[in-house]
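Use the sequences and the hints to build the structure in full.
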Amino acid sequence: MCGILGYLGPNNKEFFEKSRMDLIAHRGPDNMSNTLEQNLFFGHTRLSILDLSENGSQPMYSTDGNYLLIFNGEIYNHLDLRNEFLSEVQFKSTSDTETILYGLIKLGQEFINKMNGIFALCFVNLQNNDFLLVRDQFGVKPLYYSHYNNDLFFASEMKALIPHLTSKTINKKAIINYVNFLWSPGEDTPLEEIKKLLPGHMIKGNTDKIAEVKTEKYYQIPFDDSQILEKSEEEIIDQCETYLLNAVKRQLLSDVPVGFFLSGGLDSSLIVAMAKKLLPEEKFECFTINTEGIEDEGFANDLGYAKKVAEHLDVNLNIVDGNSDILEYFDKVIYHLDEPQADPAPIYVYNICKGAREKGIKVLLGGTAGDDLFSGYRRHQALRYENMFNKTPLFARKAIKKLAKTFSNNKPFFRRINKLVSNIDKDASERSFGYFDWIEDKALKRVLLDDIGYDKHAYFRKLEKNLPPETSSLNTMLFYELSTFLVDHNLNYTDKLSMAVGVEVRVPFLDKELVEFSTKIPLDLKMKGKETKYILKKVAERYLPREVIYRQKTGFGAPVRKWINEDMTPLIKDYLSEERLRKRGIFNYKELNELLDKNKKGKLDVSYSIWAMLAIESWLTQFYDS
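The sequence shown begins at 1 in our numbering and counts up one residue at a time.
Among the hints, a few may not be true.
[Said to hold, decoys possible] List of simulated lysine to aspartate or glutamate pairs, EDC-like, C-alpha gap at most 20 Å: (1) K590 / E430; (2) K283 / D314; (3) K520 / E187; (4) K106 / D80; (5) K209 / D130; (6) K204 / D151; (7) K217 / E187; (8) K538 / E235; (9) K538 / D331; (10) K354 / D331; (11) K114 / D151; (12) K359 / D30; (13) K277 / E292; (14) K195 / D224; (15) K603 / E591; (16) K562 / E594; (17) K583 / D450; (18) K528 / E230; (19) K573 / D597; (20) K456 / D30; (21) K426 / D450; (22) K217 / E464; (23) K537 / D238; (24) K537 / E547; (25) K512 / D224; (26) K308 / E282.
It is worth saying that the hints were derived from the structure and are not from the lab.
Here it is, written out as structure tokens:
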């Protein structure tokens, strides 16, 4: 695990002289190194997890000096790959880096899909200067890049690329995304000059011909309703348990102590329970957050459930105080996020990982992606109403939407009703995209200074074309989850805020074999009636108390609406002042103030979008103005 910074092209020495490895030093506090070759520069900061010796250091050359690799991540099946494909290689280390190096030498890009893990890497054949720049199948590890005519540079975090830009242009399309979704789907970042390499994609080419490089998809999540498993419920439960156990077993691979997130929710609790089954004598260190007294209306403090699970499984529970001064943390979190995301969860991730690191824990396993694989969100439940919506005349749907607007948004129930029907007058595809929106079209357009003619759902429409036409609405939604919300929101903040304090977070639910199995589970076993994550809950019955399994889902309960309406008023007056907004030329000051007033009175529920606007200004101040 580490931070990587690289350059491919003829100006490698100039890039090296200006390189800011210090901007990603937090990702790898154990070591920092770099190398210069013809037409390339590689810089690496190391967080030592596997093979703590110098033999695991990077950038890594092959024994003959003909190949070079820089890599961020973990390959959990790398020892199996050695045995199956690389038995003739005389390895000098036990690191997964060396496994990747010789796997790519022997099998080329075919080796990539044999890797079960999380990774961002660049591999170069120094004999002919061919290279591969690759991001893992599900986008667990971030990878940003900038491509000018003869220059291609990349990094684990955007902040390390910005000093090398010859110009900086605000990407207004991305800005709209952050306000509407709270994250930006696909390639777009706040700057036109920097892109995200998409999950399951690679850039390939030759360092002598950077202008001719091509981006290529090498992996597609295999959602195909024609491949649904035709087995009994009990057989599928058994299979699901086996796949999940194998995933946890693989991800326990480490030469340093491993700890766990333990929120008290189903997903993290089940991961810990399976680890205990695999290693019953281990007294694992687990970490949770205490949000007592600060949770938002409609959420609950999970601490009691976390304690129950810890006692049930006989693990140590470390309780981290969730009371955070939002004004103190805000800019710091945006800096580490590297993108202007709007969510309080990164604060909790940061504090938990900081607490873990202080106890000497470098690796944490968590329950991220359980909801995205097994249908755990309210929008998945909302799909139950789709057939009813499709049969309802358009005039009736418009009337329902109009009626819902009369409800106050000060209560969670009415907020959810408004969310459910906010796109009821749209067609089925638009409704499914709309479940990811946080602000209505009219309000969004009014608050923007200019109409740039951007289709905010364009990326979803593009994704839709990747699925067979007969794909069910639930599997379509899960495909959107895995391709956008999970990678661009949850995984991004989890990686950035954990690596900010030198902690690696692993996600067993994104084990490649488990993900591919999950796409084949019958729909009525993913969600049975109102019961979300049905199949996962049946597995959990073998490990956890029913009161933990069948509790109401809550999530991180931060008082965002109170913060926006009260605590963050000084920040709003500063960051969203008329002077600042005029300078940016993005938001309309008058309309924004009306939006703030309506939000405070409960006429609209746009607290998170206001948070996003604050995050955008914070990001621009820290990264664009400097």
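Checked hints:
Restraint check for K590 and E430: not satisfied, since their Cα atoms lie roughly 30 Å apart, outside the 20 Å limit. Between K283 and D314, the direct Cα distance comes to roughly 7 Å. Compliance with the 20 Å bound is thereby established for this hinted pair. With a CA separation close to 28 Å, the supplied pair K520 and E187 exceeds the 20 Å bound. About 16 Å separates the Cα atoms of K106 and D80, which keeps this hinted pair within 20 Å; it holds.
Between the alpha carbons of K209 and D130 the distance comes to roughly 9 Å, so the proposed pair stays at or under 20 Å and holds. Our distance criterion of 20 Å between C-alpha atoms is met by K204 and D151, whose separation comes to about 14 Å. For the hint pairing K217 with E187, the CA-to-CA distance comes to about 13 Å; that is within 20 Å, so the pair holds. As the CA atoms of K538 and E235 are separated by approximately 12 Å, the hinted pair is consistent with the 20 Å bound.
Between K538 and D331 the alpha-carbon distance is near 42 Å, which puts this suggested pair outside the 20 Å criterion. At roughly 17 Å between alpha-carbon atoms, K354 and D331 fall within 20 Å of each other, so this suggested pair holds. For the hint linking K114 to D151, the alpha-carbon distance of about 30 Å lies beyond 20 Å, and the restraint is violated. The suggested pairing of K359 with D30 holds, with an alpha-carbon distance near 16 Å, which does not exceed 20 Å.
With a C-alpha separation of about 31 Å, the suggested pair K277 and E292 falls outside the 20 Å cut-off, and the hint is violated. Under the criterion of a C-alpha separation no larger than 20 Å, the hint pairing K195 with D224 is inconsistent with the structure, at around 29 Å. Restraint check for K603 and E591: the C-alpha separation of about 15 Å stays at or below 20 Å, so the hint holds. Using a Cα cut-off of 20 Å, the hinted pair K562 and E594 holds, with the two alpha carbons roughly 18 Å apart.
About 14 Å separates the Cα atoms of K583 and D450, which keeps this hinted pair within 20 Å; it holds. With a CA separation close to 17 Å, the supplied pair K528 and E230 stays within the 20 Å bound. Taking the CA atoms of K573 and D597, the gap is about 13 Å. The hint holds against a cut of 20 Å. With a C-alpha separation of about 42 Å, the suggested pairing of K456 with D30 is violated against the 20 Å cut-off.
A C-alpha spacing of about 24 Å is found between K426 and D450, which places the hinted pair above 20 Å, so the restraint is violated. Under the criterion of a C-alpha separation no larger than 20 Å, the hint pairing K217 with E464 is consistent with the structure, at around 16 Å. For the given pair, K537 sits about 12 Å from D238 by alpha-carbon distance, which is consistent with the 20 Å threshold. Simply put, K537 and E547 have alpha-carbon atoms about 11 Å apart, close enough for the 20 Å limit, and the pair holds.
About 16 Å separates the Cα atoms of K512 and D224, which keeps this hinted pair within 20 Å; it holds. Distance check on the hinted pair: K308 and E282 sit about 18 Å apart at the alpha-carbon level, within 20 Å; holds.
In terms of the numbered hints stated before, the structure departs from hints 1, 3, 9, 11, 13, 14, 20, 21, listed from lowest to highest.
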